[in-house]
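Our numbering numbers the first residue of the sequence shown as 80 and each following residue consecutively.
Treat the hints with care, since some could be wrong.
What the hints assert, rightly or not - Derived pair list, reagent style DSBU-like, types lysine-lysine, alpha-carbon separation capped at 30 Å:
(1) Lys587 - Lys375
(2) Lys572 - Lys274
(3) Lys435 - Lys483
(4) Lys209 - Lys363
(5) Lys149 - Lys209
(6) Lys362 - Lys348
(7) Lys363 - Lys375
(8) Lys375 - Lys353
(9) Lys381 - Lys548
(10) Lys548 - Lys474
(11) Lys381 - Lys474
(12) Lys435 - Lys474
(13) Lys362 - Lys214
(14) Lys381 - Lys435
(15) Lys375 - Lys533
(16) Lys474 - Lys572
(17) Lys572 - Lys584
(18) Lys149 - Lys533
(19) Lys474 - Lys533
(20) Lys214 - Lys353
(21) Lys149 - Lys274
(22) Lys274 - Lys483
(23) Lys214 - Lys272
(24) Lys518 - Lys348
(25) Lys375 - Lys222
(26) Lys572 - Lys548
Since the hints were made in silico from the structure, they are not lab data.
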Amino acid sequence: MKTMFGKDDIRRFCVRAIFGILCVMILPVLGIESDSHLLAQAPASDKGVSASKVERLNLAPVSKEILRVKLPSPVEATLDNGVTVMIMEDHRFPTVSLQLQINGAGGIHEPSNQRGLATATAQMMREGTKSRSSKQIAEDVDKLGATLGVFSGFGSTTAVLSASGLSDNFDEWFGLFMDVLLNPTFPADELEKMKTRLRVQLRQQRSQPGFLANERYDRVVYGDHPAAVSGFTEESIAALASEALATWHRDRYVPQGALLGIAGDVTAKELIPKLRKWFAAWKKTDLRVSPPADPKPIAAQKVSIVDRPNSVQTTLTMGNIAIDRVHPDYIGLTVMNRVLGGGPAARLFINLREEKGYTYGVYSYFSAGRYAGPWTAGGDVRTEVTDGAMTEFMKEFNRMRDEKVPPAELDECKRSLVANFALSLEQPTQLLSYALTRKFYNLPVDYWDTYPAKLMAVSADEVQQVARKYIDPGSMQIVAVGDAGKIEEILGKYGPIEVYDIEGKKMK
Numbered sequence: 080m081k082t083m084f085g086k087d088d089i090r091r092f093c094v095r096a097i098f099g100i101l102c103v104m105i106l107p108v109l110g111i112e113s114d115s116h117l118l119a120q121a122p123a124s125d126k127g128v129s130a131s132k133v134e135r136l137n138l139a140p141v142s143k144e145i146l147r148v149k150l151p152s153p154v155e156a157t158l159d160n161g162v163t164v165m166i167m168e169d170h171r172f173p174t175v176s177l178q179l180q181i182n183g184a185g186g187i188h189e190p191s192n193q194r195g196l197a198t199a200t201a202q203m204m205r206e207g208t209k210s211r212s213s214k215q216i217a218e219d220v221d222k223l224g225a226t227l228g229v230f231s232g233f234g235s236t237t238a239v240l241s242a243s244g245l246s247d248n249f250d251e252w253f254g255l256f257m258d259v260l261l262n263p264t265f266p267a268d269e270l271e272k273m274k275t276r277l278r279v280q281l282r283q284q285r286s287q288p289g290f291l292a293n294e295r296y297d298r299v300v301y302g303d304h305p306a307a308v309s310g311f312t313e314e315s316i317a318a319l320a321s322e323a324l325a326t327w328h329r330d331r332y333v334p335q336g337a338l339l340g341i342a343g344d345v346t347a348k349e350l351i352p353k354l355r356k357w358f359a360a361w362k363k364t365d366l367r368v369s370p371p372a373d374p375k376p377i378a379a380q381k382v383s384i385v386d387r388p389n390s391v392q393t394t395l396t397m398g399n400i401a402i403d404r405v406h407p408d409y410i411g412l413t414v415m416n417r418v419l420g421g422g423p424a425a426r427l428f429i430n431l432r433e434e435k436g437y438t439y440g441v442y443s444y445f446s447a448g449r450y451a452g453p454w455t456a457g458g459d460v461r462t463e464v465t466d467g468a469m470t471e472f473m474k475e476f477n478r479m480r481d482e483k484v485p486p487a488e489l490d491e492c493k494r495s496l497v498a499n500f501a502l503s504l505e506q507p508t509q510l511l512s513y514a515l516t517r518k519f520y521n522l523p524v525d526y527w528d529t530y531p532a533k534l535m536a537v538s539a540d541e542v543q544q545v546a547r548k549y550i551d552p553g554s555m556q557i558v559a560v561g562d563a564g565k566i567e568e569i570l571g572k573y574g575p576i577e578v579y580d581i582e583g584k585k586m587k
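Start from the sequences, fold in the hints, and give me the full structure.
So, in structure tokens, the structure goes:
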């Protein structure tokens, strides 16, 4: 029987199936060691963990020993043009994934009158090169069974190019990757198509309360910092021009300070000489990238309402500027956030969803990168329970500040963080991501090896201290998207109010 599928069809199916595999690792409990070389939970002198050292939380056995890990180190090399290469070999599957981070090409470095330039440049790089049209690039990616993307977000410090594919045709799809990196042409006709898509997307976003909340929240907490702009406007879309995109690419997509990570079925000894050859055409420039300044926390409490008349729910978002990635409080804030709102077992979720039934989901999180980002909490609640929800938010915030977390709750929280970290170690791409993070932020060489122990060392006193530093109801910036006529009086007790329409124009 003849098959209707050709060799290329089978190749594409296989690579996408392989990349879709979810790897699950069974953690060692009761002294049963995983066969992964990454984990060594018990000291060398211990042959096992006795039953007395295990307790059950939610019926899941959890070892009371501190997880010990030794992450494999990637092979590192620096190319002649300044690109740092990190290669994590893994020969279990015939696939390769890579990521190139280009420092200084992110939106945080844009001129104030050209917001969106970095994001648009990244999005357009796949739309044509000196030797390929947009259609040809898409066809080549599909034919090779590969993936290829370029991204730079608003507020980002970097642009990121990513690609993946099979190891047996790595040279071919990597050549396509390099063509997109070095030779984009930003064709005017493709730019007009992208601008049309962006306008449609913007209209759709303005109907979504989550987008409106994030947009207003960023403007409030970041103030006059460049990170305050979190998306395109009609004006910034209209201003996009091919010449400006080409200039940004020429000036900002430079090799010095770039970080290339590769994970998968490759051999570093063979690959590094190839990379030196392939990257030789990418020349250094005189660009020096200055780190972005930290935004400052806002001292006075304020409420911003985005009016959506007749809305049946209120989208609440609140917080203030907290820390950057290398701040000493990072580990403590990670634990504190987990207790308060970092998952379905956290206090906010249990209170507002499980006990009160105000919402389907409520969480907290914090953003910490090259510059300080906010700690944030929020969720969608029914309009009629906006008052009760705000009362419970403030109650949980003050509880974190005023009371120490009980030992059992704190211990369970820390162990869940360690367990999630351990589960991630089976994935080569995640191991590479950890290595890239360490390099990007200049963290200690043993940072991830000691990460579980640092989490477990966080005390109730430290959790309370970081809560008092970064969760201050008296300076909380509160954003609410909903029916202003029904919620303005309720929210007035939390600070002076400003009201905006869905286009971002101030109404009062």
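Enumerated hints in conflict with the structure, sorted upward:
2, 5, 7, 8, 21, 22, 25
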